[in-house]
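S.K.: Chain by chain, the residues run as shown.
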Amino acid sequence: MIIRSRRNRRAALAAPLALALAAGLMACAGGGSSSSEKVTDLTLIAANSPWTEGLKTLATKYEDETGVKVNLEFYGNEQLNDTLKVKLNAQSSDFDIYGYQVQDVMREFSRNGWLADMTDYVKSDADWNWDDFQQSSRDAVTLDGVVYGVPVMTERHIMYYRSDLLEAAGIPVPTTLDELDAAAAKLNDPAKGFYGIAMRGSKVPLVTQFSSFLYSYGGDFQDKDGNASVDTPEAKDAYAFYGKLLKDYGPPGATNMGWPEASAIFAQGNAAFYLDADSQAYTFLDPASSAVVDTVAYGAFPAGPAGSHPYSIVPQTVGINEYSKKKDAAWEFIKWVTNEENSKTLLADDTVPSARDSSWADDAATASFPAGLVEIVRNSEGTVGHDRPQLEKVAQAREIVGAPAISAIEGGDVDSAADKANTDFQDLLDGEK
Amino acid sequence: MTATAQRPTRSEAAAARVSPPAPRRRKKRLLGPTLRTIAIMVVVLLFVLPLGWMLMAAFKTNLDIVTPSRTFDFTPTLDNFGTVFGAQNFAPFIVNSVVVGVGATIVALVLGVPAAYGIARFRIRNATAFVLLARVIPGVSLLIPWYFLFSQVQLVGTYTALILTHIFVTMPLVVAIMAGFFEGLPEELEEAAQIDGSSRVGAFVRVVLPLALPGVATSAILAFIFSWNNFLFALVLSNQETRTLPVAISNFTSYASVDWGGLMAASVIITVPVMLVALFAQRYVVAGLTAGATKG
Numbered sequence: 082m083i084i085r086s087r088r089n090r091r092a093a094l095a096a097p098l099a100l101a102l103a104a105g106l107m108a109c110a111g112g113g114s115s116s117s118e119k120v121t122d123l124t125l126i127a128a129n130s131p132w133t134e135g136l137k138t139l140a141t142k143y144e145d146e147t148g149v150k151v152n153l154e155f156y157g158n159e160q161l162n163d164t165l166k167v168k169l170n171a172q173s174s175d176f177d178i179y180g181y182q183v184q185d186v187m188r189e190f191s192r193n194g195w196l197a198d199m200t201d202y203v204k205s206d207a208d209w210n211w212d213d214f215q216q217s218s219r220d221a222v223t224l225d226g227v228v229y230g231v232p233v234m235t236e237r238h239i240m241y242y243r244s245d246l247l248e249a250a251g252i253p254v255p256t257t258l259d260e261l262d263a264a265a266a267k268l269n270d271p272a273k274g275f276y277g278i279a280m281r282g283s284k285v286p287l288v289t290q291f292s293s294f295l296y297s298y299g300g301d302f303q304d305k306d307g308n309a310s311v312d313t314p315e316a317k318d319a320y321a322f323y324g325k326l327l328k329d330y331g332p333p334g335a336t337n338m339g340w341p342e343a344s345a346i347f348a349q350g351n352a353a354f355y356l357d358a359d360s361q362a363y364t365f366l367d368p369a370s371s372a373v374v375d376t377v378a379y380g381a382f383p384a385g386p387a388g389s390h391p392y393s394i395v396p397q398t399v400g401i402n403e404y405s406k407k408k409d410a411a412w413e414f415i416k417w418v419t420n421e422e423n424s425k426t427l428l429a430d431d432t433v434p435s436a437r438d439s440s441w442a443d444d445a446a447t448a449s450f451p452a453g454l455v456e457i458v459r460n461s462e463g464t465v466g467h468d469r470p471q472l473e474k475v476a477q478a479r480e481i482v483g484a485p486a487i488s489a490i491e492g493g494d495v496d497s498a499a500d501k502a503n504t505d506f507q508d509l510l511d512g513e514k
Numbered sequence: 203m204t205a206t207a208q209r210p211t212r213s214e215a216a217a218a219r220v221s222p223p224a225p226r227r228r229k230k231r232l233l234g235p236t237l238r239t240i241a242i243m244v245v246v247l248l249f250v251l252p253l254g255w256m257l258m259a260a261f262k263t264n265l266d267i268v269t270p271s272r273t274f275d276f277t278p279t280l281d282n283f284g285t286v287f288g289a290q291n292f293a294p295f296i297v298n299s300v301v302v303g304v305g306a307t308i309v310a311l312v313l314g315v316p317a318a319y320g321i322a323r324f325r326i327r328n329a330t331a332f333v334l335l336a337r338v339i340p341g342v343s344l345l346i347p348w349y350f351l352f353s354q355v356q357l358v359g360t361y362t363a364l365i366l367t368h369i370f371v372t373m374p375l376v377v378a379i380m381a382g383f384f385e386g387l388p389e390e391l392e393e394a395a396q397i398d399g400s401s402r403v404g405a406f407v408r409v410v411l412p413l414a415l416p417g418v419a420t421s422a423i424l425a426f427i428f429s430w431n432n433f434l435f436a437l438v439l440s441n442q443e444t445r446t447l448p449v450a451i452s453n454f455t456s457y458a459s460v461d462w463g464g465l466m467a468a469s470v471i472i473t474v475p476v477m478l479v480a481l482f483a484q485r486y487v488v489a490g491l492t493a494g495a496t497k498g
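Line order of the protein sequences matches chains W and F.
The number in the numbering used here is simply the position in the first sequence, starting from 1, with 81 added.
The number in the numbering used here is simply the position in the second sequence, starting from 1, with 202 added.
Simulated from the structure, these hints should not be mistaken for lab results.
There could be a bad hint or two in this list.
[What the hints assert, rightly or not] Pair by pair, the computed Cβ-Cβ distance ranges are:
no., chain 1, residue 1, chain 2, residue 2, range
1, W, A369, F, G382, 47 to 53 Å
2, F, V301, W, D375, 46 to 52 Å
3, W, D367, F, G382, 52 to 58 Å
[Unchecked claim] For lysine to any residue, the following SDA-like pairs were computed, each having C-alpha atoms within a straight-line distance of at most 20 Å:
no., chain 1, residue 1, chain 2, residue 2
4, W, K328, W, G492
5, W, K284, W, N337
6, W, K137, F, Q356
7, W, K284, W, G334
8, W, K416, W, W209
9, W, K406, F, N441
10, W, K137, F, V268
11, W, K514, W, P271
12, W, K150, F, N441
13, W, K325, W, P271
14, W, K284, W, K325
15, W, K150, F, T285
16, W, K273, F, V268
17, W, K137, F, P294
18, W, K406, F, T455
19, W, K406, F, Q356
20, W, K137, F, L357
21, W, K406, F, V355
22, W, K137, F, T285
[What the hints assert, rightly or not] Listed next, the stretches of chain F that the computed footprint assigns to chain W, with coverage defined by at least 3 CB atoms under 8 Å from CB atoms of chain W:
no., stretch
23, 349–356
24, 416–422
Since this is a predicted model, take the numbers as computed values, not measurements.
All C-beta atoms in this analysis are idealised placements derived from N, C-alpha and C, irrespective of residue type, glycine included.
Could you build the full structure based on these sequences and the hints that come with them?
M.R.: Here it is as structure tokens:
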């Protein structure tokens, strides 16, 4: 389902409707809003995540403490975006707080006026301490100096590996991409159905995981001025390297794999390395889902020619619905649920990777997190705050910049594919100016 | 589905042609039925395979599901069904789906069947085509106006909104099927009833409707299945309390994890009622009920 949300379209839809039906329906709707009344309930909608799991307990606690009931409605990620677009197009005030993916929708939603400006809110309370949030997370939810949400989860690119296999083969944990390449080559044994490495190889899903390779080779999707830069020598080398790993040591059918498929191969014990987001660690630690519970280990993203520059992003953010009639009450709840204490609770009880430095500094709170991972999170030097092109039409851009990687995996002409991708990507960017 | 499975394939038809009704040699007599059985088995297998996979996956752990070597060799577990009714608490969603499905079907029948009769008997030109337009309009384009309207009258998240929107599709379906059905019924039957002193309405209720039962059953099944499977309308117009099964199933996909086992167990639970309804209602779908009614 695709609903293009444009102000003019919304107007085109809403205006005649309003005209035609105003008389009858507005009357039916009864009295207008009464913002001065005491707020007794709030509604929050978000996509399923560890954070929403933890929220179920916290919402009850909030009701006990303040008397404000928080209704929670959770959806799958795609379903959430469809629902949000329909409801916000209709300027709905049925919900007050919503979770969203910053990189996918913040530009579009803020331009449509669907996200409330939270700049004054986040700076209103020194005790709540906005500065405790990681710099990259704060940057991620800020657009042109306006804060549109509070980050509630973070995610990094890491290297999962099989400690038993590396030990048996006498291979030290790779710290550079070249070492990773050599180790994957050594452990690769396709005749036995065992592969050196598993990663996303499907065009659109791979873009976010390719990003760390791109940065570590010294490139980026866009240059400082926001222009396309996937045809630079650095980018071409990164594409070629990413493709080579999967072509030479990856499982067959790699170009059809997103994270569910690629992670399953590692979980079955059929790959030596798996490079993807740290948020999947728990899948590998669950005996019902994984055969590598005791042998999975975590390493920092290996360094490329330009160093180790994995992405560190904010996958979940909460914002306030611009059409909500209870914005202040909504902020009070967001402030409470993201305060230092509750962020630690969420990290400890529901393993929600907090965006607050104070949560990660607390050994008690991080105790439930896999030990090797905590070290990687604490050492966030050199990370990059985005993992995909920065523009409104992210989905189209991913189609374009993912294509050269497919050429590389299939052994095609990477250089000309990257040149073509750059031209197409630049056209897309120009269209948004 | 069953209809498709029973339809002879091309090779089957060819096989039927080569085998004459009374062949001399025994070999030839067996060839036709054998090919026919094989063809049926191939088709049935194609339809049953995904269902079988779903059923097996519902009793597996996530690791067993994604491991090809354990396709048939696995230790069954009931954990997934435990998740569906325990942690995910699916019971209310089942109730919601039943309420909306039955509601939308009954209203569609009550309004749609007489409408279809009117269209068929009084030859209202192009009415069915016009009614079917509702099915041509993509549901997505209606969502925003519907949501806007229903939120103005504060019906978002109620059964009423869900049933009303489902009727928008189920009723045209009923009208289209039934209009065709009524046109096929000989008018002489009603005339005979009226000669015997029945009113027009009486003739409709006592004579036409019982004869049209197969059509009613067919359209009722289709209407119910549509409502039961509808995702789009319920996605936007339901809330946590009135959420229906197709929307609730997304509860099994979370950020960076998918519970395939739970998903498959929930799919089994969603599929079974529809199959039961179809099997039960099929008794009434007996073609040719009126054949010969006006003879002699």
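S.K.: All hints, please: hold or fail.
M.R.: A quick look at each hint next to the structure:
1. W/A369 / F/G382: 47 to 53 Å: 52 Å Cβ-Cβ, so the 47 to 53 Å window holds.
2. F/V301 / W/D375: 46 to 52 Å: 48 Å, holds
3. W/D367 / F/G382: 52 to 58 Å: 54 Å, holds
4. W/K328 / W/G492: 7 Å, holds
5. W/K284 / W/N337: 8 Å, holds
6. W/K137 / F/Q356: Given pair W/K137, F/Q356 is violated - Cα atoms ~26 Å apart, limit 20 Å.
7. W/K284 / W/G334: 12 Å, holds
8. W/K416 / W/W209: 7 Å, holds
9. W/K406 / F/N441: Given that 20 Å is the threshold and the Cα spacing comes to 19 Å, the pair holds.
10. W/K137 / F/V268: It is violated: about 30 Å lies between the C-alpha atoms, which goes past 20 Å.
11. W/K514 / W/P271: Violated, because 48 Å separates the two Cα atoms, which is more than 20 Å.
12. W/K150 / F/N441: The given pair, whose Cα atoms are some 16 Å apart, holds under the 20 Å limit.
13. W/K325 / W/P271: Roughly 15 Å between the alpha carbons, so the hint for W/K325 and W/P271 holds.
14. W/K284 / W/K325: 15 Å, holds
15. W/K150 / F/T285: 26 Å, violated
16. W/K273 / F/V268: 18 Å, holds
17. W/K137 / F/P294: 18 Å, holds
18. W/K406 / F/T455: 31 Å, violated
19. W/K406 / F/Q356: At roughly 15 Å apart (the allowed maximum being 20 Å), F/Q356 and W/K406 satisfy the hint.
20. W/K137 / F/L357: Since the Cα atoms of W/K137 and F/L357 sit roughly 26 Å apart, the hinted pair is violated (cutoff 20 Å).
21. W/K406 / F/V355: 17 Å, holds
22. W/K137 / F/T285: 17 Å, holds
23. 349–356: Per the Cβ count (7), the hint holds.
24. 416–422: violated (count 0)
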